Amino acid sequence: MDILPQLIINSIIAGAIYTLIALGFNLIYGATKFFNLAHGVVVAIGGYSFFYFAKTLGLNIYVAVIIGVLLVGFVGYGLNKLVYLPLRKRKASNMVLLVASLGAFTALQAIIAILFTSQFKTLSHGVGIQRIFEFFCGVITQTQIIIILTAILVMVGLVLLLYKTHLGKAVRAISDDEEMARIVGINTNKVIGYTFFIGSAIAGLAGILVGFDTGIEPTMGLSLLLKGVIASIVGGIGNIYGGVLGAFLLGFVENFGIWKISGEWKDVIAFALLIVFLIFRPKGIMNK
Amino acid sequence: MDKSKKWVIGIFVVAIIAVAYSISKMDSLGPSQQVSIEPIKIGFIGPLTGDAANIGQNSRAAVEIAVKEINQDGGIGNRPFEIIYEDGQCTGNVASNAANKLINVDKVSLILGGACSGETSSFAGMAEQSKTVVLSYCSSAPEISQAGDYIFRNYPSDLYQGSFSAEYIYNKLGKKKIAILYGKSSWGNGVKDVFVQRFNELGGTIIATEGYEQTSRDLRTQLTKIKSVNPELVYFLGYTEASIPGMKQAREIGLDVSFFGGDVWDDSKIWTDVGSAGEGAMYSVVYAPLNSDFKAKMKNSVGSDEITICTPQAYDAVKLIAKVIEKVGTDAEAIKNELYKTSYTGGVSASEITFDSNGDPVGANFIVKVVRNGEAIEAK
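Protein sequence lines, in the order shown, are assigned to chains A and B.
Going by our numbering, the first residue of the first sequence is number 2, and it counts up by one from there.
Going by our numbering, the first residue of the second sequence is number 424, and it counts up by one from there.
Quick caveat, the hints were computed from the structure, so don't treat them as lab data.
Given the structure is predicted, the values throughout are model-derived calculations rather than measurements.
In this text, a Cβ means the ideal position worked out from N, Cα and C, and glycines have one as well.
Check the hints yourself; a few may be wrong.
Here are some chain B residues pointing at chain A (derived, C-beta under 8 Å) [stated by the list, open to error]:
no.	residue
1	ALA476
2	LYS600
3	GLY626
4	THR628
5	THR632
6	TYR635
7	GLU636
8	SER639
9	ARG643
10	THR663
11	GLU664
12	ILE667
13	PRO668
14	GLU675
15	ILE676
16	ASP696
Just chain A, with the same shape it has in the complex (with noise of 0.2 Å):
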């Protein structure tokens, strides 16, 4: 049998989640400039408060999603609101905002565990009610499919989000450089709590989608925020085209090179990609 359709597709599933990861991660990136890892544990939010209203509160699965990607877009907000504008505003060094954010992440990591138990969820309902759908000799769910096109709805979201509108534009403006677009009338600090909103939502849309496809638990966020990273510096950090581009990359390097090798080199070759990025070619494939 052949195992090259099924490879492929392998590879798109996994790029199109690592993509929902970067196209947040990316956003706030542009618009802060320091490594939100908060952004891995707000996925796991996306999840669980997902969990919480289709399935403890038995609401419409839709309303659902809708709930808890805003929910989780007002955990980033108030994230944002909290801890990192504050240390801005005292010019803390984007080294203290990182470890601030290690230390949200930690915290609301370990505050799912006790709300909720560590216990790993499944959000779909077993096997064989998913629709299995078949191409070449090769097999994708429908959660699958879900899952790709909402990375590329989402991304072309935000294309348009970024080179269409106001907001879009101040998003640009601050990425290029902060201190500019204060003196030219942006509000910096509003514009960047939404950059948290919206970045944290698409992490969160990702995490009912990755809940779907596998299973939720607390320390979910990790593995994906550190892939998300992969993905955004190979791809060209802060760049959305990057990420995306990067996602995929990454996807298809880490799904093919354990194709003549065994699996459990899957991180190795992920994490040497990264490595060999940063050695050769540190602004990523997207040059700014």
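Let chain A serve as the given structure and place chain B on it in line with the hints.
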């Protein structure tokens, strides 16, 4: 100027707190040593969050029951028994930090745990050096046998489980061409190595060996490769968190052979979650003579019938420790010497617990369970 002033004040405050704390500590220590009602404290390490958290939480519930029972019966020599719980997250460095705290800050003479082999291995050396007794209720990696004089466990080594499973699959199930999918952990690697050796000795062929990062939940490519070589059975060594998506992904890509797993699959959560994807899956598990009294107490505590692997061992370990401390006191060396000599009967994890010269339990009795309609039952 202002900054340095703040620093000075800060240092003063810290110093005052430290002094006040040590004085209050001395106060409370002084009289209590005379009447000796100071609780006897030991440490507990297990995965309370993260991978295998289900096992850690369930074991903790059993430990709490055992401690409560001991204290209701008057404690150990009239001193209350107390456990300091630390989260090892099934991860080496986290468990090692936890052990460090228990040994150096709490100064316990005994650590109950860790659960995951990776946890126990990470601090066994430290414990051995500081002469702290370790009694693991769950770690099965073979190398723990050689970890040191102070390191014990009342859970059998993977040497038993790996070769038991190889023999069962080859002889009883008659599957000769199989594939292995394992999570990279002390436990996964440990069982896999023994299994591979025994299965090859028996004359079987392992046509694919695929590993994955313990925290990975995307096993599609590994499963795709396994599917392409058409094995008769997949020996899948994964913790709950990866096994659930793993089994689902296998069915999604059309890998329809049966799965055979290890003792960590003795977790009802897996089978309710994977639904039809788990039908017919089998796994090896240590036989435990659970009695209805223990089952009732657990149900009362956790609110369900759930008794994961290692939970009976954790319960017995507490009772065993209490018995030993009652006899020889809290000196670690005395506890260690007594453990080698002790024999504990009437437990819920085995009919008799005794330790060999490696600190391993003597004898191990495995059975195979098979999943039918989302429930694991003993296979004949």
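Status of each hint after checking the structure:
Taking 8 Å as the C-beta cut-off, the interface hint given for ALA476 (chain B) holds, the closest approach to chain A being about 4 Å. Checking LYS600 (chain B) against chain A by beta carbon gives a least distance of about 16 Å; that is not within 8 Å, so the hint is violated. Restraint check, GLY626 (chain B) versus chain A: the minimum CB separation of about 23 Å is more than 8 Å; hint violated. A cut of 8 Å between beta carbons decides the hint on THR628 (chain B): the least distance to chain A is about 17 Å, and the hint is violated.
Satisfaction of the interface hint for THR632 (chain B) is found here, the shortest Cβ-Cβ separation to chain A being roughly 6 Å, below the 8 Å cut-off. Given the 8 Å rule on beta carbons, the hint for TYR635 (chain B) holds: about 5 Å separates it from the nearest Cβ of chain A. Below 8 Å, beta-carbon pairs count as interface contacts, and GLU636 (chain B) has one with chain A at about 5 Å; its hint therefore holds. At its closest, the beta carbon of SER639 (chain B) sits 7 Å from a beta carbon of chain A; the interface hint therefore holds under the 8 Å criterion.
Nearest Cβ of chain A to the Cβ of ARG643 (chain B): about 4 Å, under the 8 Å cut. The hint holds. For THR663 (chain B), the suggested interface contact is upheld, since its CB lies about 6 Å from the closest CB of chain A, less than 8 Å. Interface restraint check for GLU664 (chain B): the shortest CB-CB distance to chain A comes to about 4 Å, inside 8 Å, so the restraint holds. At about 6 Å, the closest approach between the beta carbon of ILE667 (chain B) and any beta carbon in chain A falls short of 8 Å, and the interface hint on this residue holds.
At about 4 Å, the closest approach between the beta carbon of PRO668 (chain B) and any beta carbon in chain A falls short of 8 Å, and the interface hint on this residue holds. Annotation: GLU675 (chain B) was flagged as interfacial toward chain A, and the flag holds, the nearest CB pair being 5 Å apart, inside 8 Å. Because the beta carbon of ILE676 (chain B) sits about 5 Å from the nearest beta carbon in chain A, less than 8 Å, this interface hint is met. With a cut of 8 Å, the hint placing ASP696 (chain B) at the interface with chain A holds, because the nearest CB-to-CB distance is about 5 Å.
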